[in-house]
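Construct the complete structure from the given sequences, taking the supplied hints into account.
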Amino acid sequence: MNPDQLRGNLDLILLTVLEREALYGFRIAQEAKTRSNGLFDFREGSLYPALHRLTQAGLLTTEDRELGRNGKPRKYYLITETGRAALTTKRAEWTLFRDALDGLS
Amino acid sequence: MTDLERYLRRATLGLPRRQRDDVRDELEEHILERAAGLQAFGMSERDAIRHAIDDLGPPASVGIAMNGIYVLPQLLKVTALSTLVATLGLSAVTTSGAQVAALTQRPQSPTCVTTTKPLTARKAITVTSTKGNVTCYVFKDVRVYRGLYLNLDSLEDTLRAKGVKVTTQAAKTTYLFPGATREVTPRVAFRKGADRYLNILDLDASFGPSGLPVRVSGWTNPTVTVGDVSFTVGTATSAAQAAPLYLTLLRAAQRALTGSADTTSIREDDAPPTPKDAATHVIHVDLPEGTPVGLIQRGEQGVPFLDVAAVQKDGTVTLYTRAKRLTFVTDARQLSPYPTGGRTNALLVRLTGRVTGDVAQQYETVRPAQATSDAN
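Protein chains in written order, with the working numbering: chain A, 1 to 105; chain R, 106 to 481.
Here are the simulated distance ranges between beta carbons: (1) A:Q30 with R:A276: 22 to 30 Å; (2) A:R69 with R:Q417: 38 to 46 Å; (3) A:E66 with R:T216: 46 to 54 Å; (4) A:R91 with R:S322: 48 to 56 Å; (5) R:T279 with A:F97: 21 to 29 Å; (6) A:R91 with R:N238: 46 to 54 Å; (7) A:Q30 with R:T325: 30 to 38 Å.
Below 25 Å or equal to it, Euclidean Cα-Cα: the simulated SDA-like pairs (lysine to any residue) are: (8) A:K33 with R:A276; (9) A:K33 with A:R91; (10) R:K270 with A:D11; (11) A:K75 with R:E138; (12) R:K277 with R:P314.
FYI, nobody ran anything at the bench for these hints, they're computed from the structure.
Backbone N, C-alpha and C fix where the C-beta goes; we use that ideal spot for every residue, glycine too.
This is the structure in structure tokens:
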């Protein structure tokens with residue numbers, strides 16, 4: 001997937017991954033890659049600013065859990081109710097966009 | 106400072122303490138976990154960490170984005186952006202943001218040829234597949250795949266921040282540089298995963314059509330300038346050497362000077378050649394440190410022999426030739442494979458770093474401090 005397209009959809013990808021279970025950064029990157037069959041092969045560094053932005057916006061919240069390899073608690077991201085609502089809206093927008101595209105072809 | 110510490114410091118530059126620690130811990134955990142996975146496949150710890158860092162992309166991209174979330178919104182409320190950038194030392198972040206990630210080795214993807222009889226393994230190649238008359242092979246010598254390749258995603262992030270209009274339409278990406286007469290399309294040398302790479306040797310072909318002058322300066326992590334836009338190739342964690350580009354520019358200068366298309370060079374590798382293969386000349390040129398200086402000498406059968414290196418702090422440049430005793434000339438017509446009075450003629454040129462335009466503007470002949478040189 002081309003980078004511009006990916007950047008625009010990163011929020012949607014992250015919310016979708018976290019909809020099912022709370023995960024920490026590295027696992028989120030892996031999940032996004034595996035569950036999309038490698039199509040979402042983004043620069044992993046771009047993930048963290050996106051996660052922090054979504055947290056600041058109230059769509060995600062964080063929780064410190066088990067200790068990681070660096071001896072510090074791993075930061076898990078959880079989707080909030082606002083996040084779920086946003087995901088529903090974003091999905092609807094996406095379906096609308098896809099239907100519109102199908103109509104064009 | 107280790108690669109890991111350097112990356113973490115740069116990715117969190119300018120952030121308030123609490124967020125800095127937070128982001129730092131998170132990135133550190135990511136790198137250590139990715140590295141552990143790679144080590145399980147037999148990679149050394151150091152390489153695994155480097156690899157994990159490369160996968161994260163340029164640290165400044167993370168740093169700038171995080172600053173955008175935590176620092177700028179608060180600050181914009183109180184004062185103008187320009188003053189802030191200066192007060193906060195954010196300029197450090199912005200400058201390092203002009204770094205473009207690069208690879209010094211391309212993937213060893215097979216070359217396929219159609220032959221009347223299938224090819225079998227030979228000294229230089231390993232056959233990877235044979236189907237009918239089509240044989241695919243890779244070169245055994247990894248040096249074949251060396252070079253300097255710019256990550257186009259990283260380049261595009263940098264260019265956007267510098268006012269270049271980057272447009273992607275139907276898988277074709279174009280750049281419109283400020284002041285350019287035409288849009289340009291970068292040449293993709295190869296892809297690795299989702300990333301596209303530009304060979305540094307294609308700078309002219311990629312950016313020349315913009316009508317703007319393209320220049321290169323520096324040796325390690327060179328700076329490329331297109332019109333008024335500059336960026337640095339390579340990052341602190343992965344140093345990039347401009348040698349392949351300078352050798353190509355020297356070849357072009359040599360062709361213009363001697364008219365010969367064939368050239369040879371000993372310095373194909375990072376390691377210096379052994380004294381058996383080459384004579385080492387330390388030549389005083391009194392040019393600024395980092396200036397690329399090339400040597401042209403005619404070898405046996407008249408084939409020009411080339412070498413290029415950067416001027417050192419003390420004003421000397423170390424170059425390799427086949428001849429132990431040299432006399433420097435400034436006219437290419439005096440270059441002869443046959444020694445006169447025990448000395449072989451050689452010519453020195455300074456590369457101006459111009460990549461586009463007339464080849465005559467890409468070099469200047471140099472007269473060294475001493476008219477002769479004896480190999481060490």
